[in-house]
Structure formats: C-alpha cells, structure tokens
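All chains should be modelled from the sequences, with the hints used to inform the complete structure.
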Amino acid sequence: MAIRTDNNMQSRPLLALLIIFGGIILLMAAMILSIIYGAADIDLPTIWQSLTQFDPSQTAHQIIRNLRIPRGLAAALVGAALAVSGAIMQGMTRNALASPSIMGVTAGASFMIAVAMAISSQVTTISLAIWAFAGAGLGAGIVFGVGTISKSGLTPVKLALAGTAVTSMLSALSSGIAIHFNIAKDMSFWYAGGVASVQWIHVKLLAPIVIIGLILALLLSKSITVLNLGEDVARGLGQRTVLTKIIATTVVLLLTGAAVSVAGTVGFIGLVIPHITRFLVGVKYQWIIPAAAVLGALLLVLADTASRMVNPPFETPIGTMTALVGVPFFLYLARREGRGL
Amino acid sequence: MISRTKRTSLWLLGLTAGLILTILISLNLGTMSISPIDVWRTMIGQGTDQNQLVLFDFRLPRIVIALLIGAGMAISGAILQGVTHNDLADPGILGINSGAGFAVVLFIYLTQNSLTSTVFILPLAALGGAVLAAALIYLISWKNGVSPIRLILVGIGINAAFSALIIVFQLKMDPDDFTKAQIWLTGNIAGTDWSYTLALLPWIVILLPIAFYKASTLDALHLGDETAQGIGANVEKERIFLLVIAVALAGASVAVGGAIAFLGLVIPHLARKLVGARHHHMLLTSALLGALLLLVADTIGRNILSPSEIPVGIIVSLIGGSYFVYLLMKS
Chain A
527 MAIRTDNNMQ SRPLLALLII FGGIILLMAA MILSIIYGAA DIDLPTIWQS
577 LTQFDPSQTA HQIIRNLRIP RGLAAALVGA ALAVSGAIMQ GMTRNALASP
627 SIMGVTAGAS FMIAVAMAIS SQVTTISLAI WAFAGAGLGA GIVFGVGTIS
677 KSGLTPVKLA LAGTAVTSML SALSSGIAIH FNIAKDMSFW YAGGVASVQW
727 IHVKLLAPIV IIGLILALLL SKSITVLNLG EDVARGLGQR TVLTKIIATT
777 VVLLLTGAAV SVAGTVGFIG LVIPHITRFL VGVKYQWIIP AAAVLGALLL
827 VLADTASRMV NPPFETPIGT MTALVGVPFF LYLARREGRG L
Chain B
198 MISRTKRTSL WLLGLTAGLI LTILISLNLG TMSISPIDVW RTMIGQGTDQ
248 NQLVLFDFRL PRIVIALLIG AGMAISGAIL QGVTHNDLAD PGILGINSGA
298 GFAVVLFIYL TQNSLTSTVF ILPLAALGGA VLAAALIYLI SWKNGVSPIR
348 LILVGIGINA AFSALIIVFQ LKMDPDDFTK AQIWLTGNIA GTDWSYTLAL
398 LPWIVILLPI AFYKASTLDA LHLGDETAQG IGANVEKERI FLLVIAVALA
448 GASVAVGGAI AFLGLVIPHL ARKLVGARHH HMLLTSALLG ALLLLVADTI
498 GRNILSPSEI PVGIIVSLIG GSYFVYLLMK S
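Those protein sequences? They're chains A and B, same order as listed.
In terms of my numbering, the first sequence is residues 527 to 867.
In terms of my numbering, the second sequence is residues 198 to 528.
Because the hints were derived from the structure by calculation, they are not lab data.
As the structure is a prediction and not an experimental result, all values here were calculated from the model.
One thing to keep in mind: the hints can contain errors.
[What the hints assert, rightly or not] Cut-off 27 Å, straight-line C-alpha distance, at most; resulting in silico cross-link-like pairs (DSSO-like, lysine-lysine):
hint, chain 1, residue 1, chain 2, residue 2
1, B, K527, A, K771
2, A, K771, A, K748
3, A, K684, B, K369
4, A, K684, B, K203
[Claimed, not checked] Here are the simulated distance ranges between beta carbons:
hint, chain 1, residue 1, chain 2, residue 2, range
5, A, T674, B, L502, 47 to 53 Å
6, A, T585, B, S519, 50 to 56 Å
7, B, N341, A, F855, 20 to 26 Å
8, A, G667, B, A474, 32 to 38 Å
C-beta: ideal position from N, C-alpha, C; glycine also.
Structure, rendered in structure tokens:
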C-alpha cells in the first residue's frame, strides 16, 4: 500500500508548525478575499465597519454579517472536517484511497437527506443534520462491512469498488425518492449547493461538532500513528486497537456528517489534503491532523471563492471545483497504485 | 451429469421461454390492465382500437427497447470483462456511461432541445462521449501496457470527473430540461415510441453478431496476455477492436436508455455461473439474461407504484448493486 512504501519514517515538526501557523494566516487572508468578492463587491473599510459599527440599515453590512461571514466560516469548518476525516480514515485503514466521498459516507448522508425531505417538506437544519449523521453511518457501515467480511480483506481496490457500488446504489435510491416525491430540484440544490446559502444557524451547528471532532482527533492522533504501522505492531505495543478504531470511526462520522449536512457532497478534499499533508509533514499524525485541518479549510475557502469567480453571476458547484483538483490527483494515485497491487 | 453443451442449450431454451412469458406479462400489465385473451386478440388484429393503441404504440416499443438495451449493455460488459480480464469491469464503473451522459447533457444544454426531437442525434452524441471516456481511460492507464487494476481505478477517477461536469451543466438548465436530464441519467425507458427503437435497432443488430463472431478471441484474451500471444492473437489490436465494439454498444444503449448501472457488470457473472466461461455460450446467455433482467425491472418499475413510475435504472441498481456487493464479499 502506498502509504507504507512512502513512509520514510520521518516527521518534520518545524515544517508542520510553519504550515499550521502560516496556513492560519493564509486562511485569514482567504476569508477576507471570500468576503470581499461576490455579486456585490465590498471594500475592506466596509468590512471593518460592519464588524465594529454594525449599521443594520446598510445593505453592505447586512451582506457581510449575514451572508459572507457565515459562508466563509462554514467553508473553513467543512474543509477542516473533511480533511481530518480523510486523514483519520487513511491512517486507520492504511489505505491510500480511503476518504469520505469514496467510501460511501457522503452518498449515505445524501440518501438520508432525501428520505428526510421526502417525509416532511419543512425539515429544520438540526434534524437535517441528524439525518445526515445517520446516513453517513449507514454508508460507511456498509462499505466497511463489505470490506471486512470479504475473504481477502480490505484492499484499496476492493474498497474503491465497494465504495463505488454502494455509492451508486444509494444515489440511485436518492434520485428515485427525489423523482417520486418531486423534490429533485430541492435535492440537487442541496447536493451541489456547497456553502452558498449558509446561515448563522448552520455555523452554530457546525462549529461545536467540528471543534469537538478536531480535539478528539488530536487526542487520538498518537494511536493513529501507531495503528498506521500495522495492526500487529500496534497490538504488540500494547494499544487497544479495537477501541481506537471505534473512537476514530465515531469521529469520522461526526465530522463527515456535520460537513455533509451543511455543504452537501464536496468530494476529494478528504482524499487529496491528507496525501499532500503527509507528503509535507511526514508520518506523525500528531502533526498531520492539525496541518490537514488548516490546509483543508484553506482549500475549501479558496474553492468556494473560485466557484463564484469562474462564471459570474452564476456559481459553479463547489464539488466541481474540488473535483478539478481532486480528479487529476486521484488519477496520479491510481497510476501509481496499479504497480504495487 | 449432462454435458456442457446440453446444459447450455437447456438454459438458453429456459431463458427464451422465460423471456416470452415476461413479454406477455409485460404486455398485460399497466395502468390499464389488458387481459391475456384481449392481448392475444389484439395481436392477431381483432382488438379494440384502444387496446391496439396501448399495446402497439406504448407497450410493445417499450418492451422491444428494453430487450435491445438489456442485451446491448450485457454484451458490452461481457466484452469489457473479457478484454481487461477483470470480472469487475463494466461500462458504468469504468466511467463510459458517465462520459456518454456528459455528452448528452452537454448536447441538451447547447441545443436547448427537448429529448424527443433529437432522438436520432442523441445516440451519436452519447457515442462520442463514450468513446472520449474510453480513450481517456485507456491513455491514462497506459504505462508499458494496461494493467486491469489500473484500468479500473483510472475509470473510477474518470467517472468522478464526468459526474462533476454533468452537474455543472445540469444546474444551468431550465427546470424542465433539468428534470428530463435527471430522469435520463438515472436510467429510464419511459415514454419510448418506435422512433427510439428504430434509432437503437441498427446498432444492436450490427454489433451483436460481431461480438458473437469474436467469441474465441475473447476466450484467448481472457486467459491473459501472454497466453493469448502464445496462441497467436495480436493482443493489442484485438483488444482495441473489441473495446470499440463494447464502447459502441454501451454508448448506443446509454443514449436511449440512460445510464443504467450494474447491468453490464452483473449479467456476465450470472451467465458465467450458468453456462461456464467460454464466450460462445456465455455471450448468448448474457444477451438473453440482460434482456430478461431489464424487461423484468422495467415491468416492476412501471407497475409497482402505478400510476407513477420508478425509472428502470433504480430497480436495476438495487438488484445489480446487491449482487455486486455479494460478489465483493465472496472474492
């Protein structure tokens, strides 16, 4: 598997620190860019005014406070959540292709959201999130289950295939529900929506879950580093691998469920960012996880801003922007993967 | 123990009988049920005008098209599996369907035409998309030859790329075209009339016999490249020829029936289980099985929630997907 052959067993804490702090500064800059740029252009002093001397009668202030800021924050939180989910999944399964969108997690969440929308036309943000969690669990459960039950175990190819199969089954069901209950347009707006229509309530929902998820991920990071050496080694070193895996999976579901419930299906962040991070900071998940969080947040804020710039005044779905980065990277991995398997 | 050929003949006979029975049932069921006797009367030209209209103008073309698409997709899958000697290959997983889908969505978007008025051009667009996807997959997986696993992984990536592009253009459509494209992408053969059937018929009628004719080449390729070379097959040339056939079959079927997933994957497996891996028997069985499965699925989709319809692709995904997951667990 690619991760192991890549491991030169080195960790670069200095570079990691640089990425984390430099990344946070870049993230701030990206957020400001994302607040400035949009259908109504806004200058820096106005942003400052809207924060310090908020004047409800000014449209620009309203736009900044109620549309742009929550949107930027949500993009950062979703990016961090997906990147960390992917990092944990890849570390835990030692599988280079593990990531929320490949492993049926996102498809599961969208399926349950279709169910929720079909049952009631007036679903609240909170209940939508709960449905998405359940769905994320369902999707991951099936894919993991198939991989684990199968005789030769969870090889990357099998994982990708099981993920693809489960994803297309679940999305077939979702579109069936969407067509039958006449919610196709609602569904696909949500599906491709990204963070365009995010409100404060979404941020308030997302922030605590992502923060708790990130803290748990950091606490787990040492165990994941050990687990990444192989299950036997981990057990030999006295780790309770089953417990680690259960907690890690819960964290993945929390983070992915929250991200998907707010932003729909944003692919490839969870696949690409952990790889780039590992390449930069080395093998220690104590560094990988915080660095991945920052880079994921940065990439998604930039992708969201770009999605508004490509074809104004229309917004290009954010999933497409991330696919633009993600697909070439996936193909590169696929070409490399084919040799060792 | 009966001989292999005899067993194959029995299966072929059984499947043909099953197919005829399903056709009769499918003619008989629908929003307006027509009794078997009336079906018969109408078939021999003594039915009421209304029955004649329902059977000949609505149900029969739809049945024929289900049969054609089922056979086309199944054979496409069987060829792809033989060529890549990978039993998990299929036009859907390799991204050929989404390539065709992308071309069709792009076409609808650019021309702003409704799907019905472009019935003869759409298969060409879909075919172009399918060929583009297949060529991309082949080129990107090429690295001193094409390893089957690389082919599949690259296919998954190409699939993701085209799916992302489909969404971009789909979201720019007006609501009417949007819903049409959505239903089409799920895989659907509702609202067919004879013009669709006529658009698809030549493709299937020409390509299926070529596929059958190439059965022994597929046998050789399925053994692996070295063995195939050893018995004198020009591996690369044959592979590309067969790929073109498979892509054309998938492209034409997808153009008319939409992106029906799993059919090309599951049917060849079942056929292999029933009659063995030799392509002479296997291809014929696949064609019959594919036709049967798609007709059964469409009949279910048409009737289970009548009067509203479930697109056939969803039914096939559910049946095919479960079987695929079962295959993965066993392998």
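We went through each hint and held it up to the structure:
1. For the proposed pair B:K527 and A:K771, the alpha carbon gap of about 24 Å is at most 27 Å, so the pair holds.
2. Of the supplied pair hints, the one linking A:K771 and A:K748 holds, its CA atoms being roughly 13 Å apart against a limit of 27 Å.
3. Between A:K684 and B:K369 the CA atoms are separated by roughly 36 Å; this puts the pair beyond 27 Å, and the hint is violated.
4. For the hint pairing A:K684 with B:K203, the CA-to-CA distance comes to about 36 Å; that exceeds 27 Å, so the pair is violated.
5. Roughly 35 Å separates the CB atoms of A:T674 and B:L502, a value that falls outside the hinted 47 to 53 Å.
6. Checked against the hint of 50 to 56 Å, the pair A:T585 and B:S519 passes, with Cβ atoms roughly 54 Å apart.
7. Against the hinted window of 20 to 26 Å, the Cβ-Cβ separation of B:N341 and A:F855 comes to about 22 Å, which satisfies the hint.
8. Range check, A:G667 to B:A474: about 34 Å between beta-carbon atoms, so the 32 to 38 Å window is met.
Of the numbered hints given earlier, the model fails hints 3, 4 and 5; all others are met.
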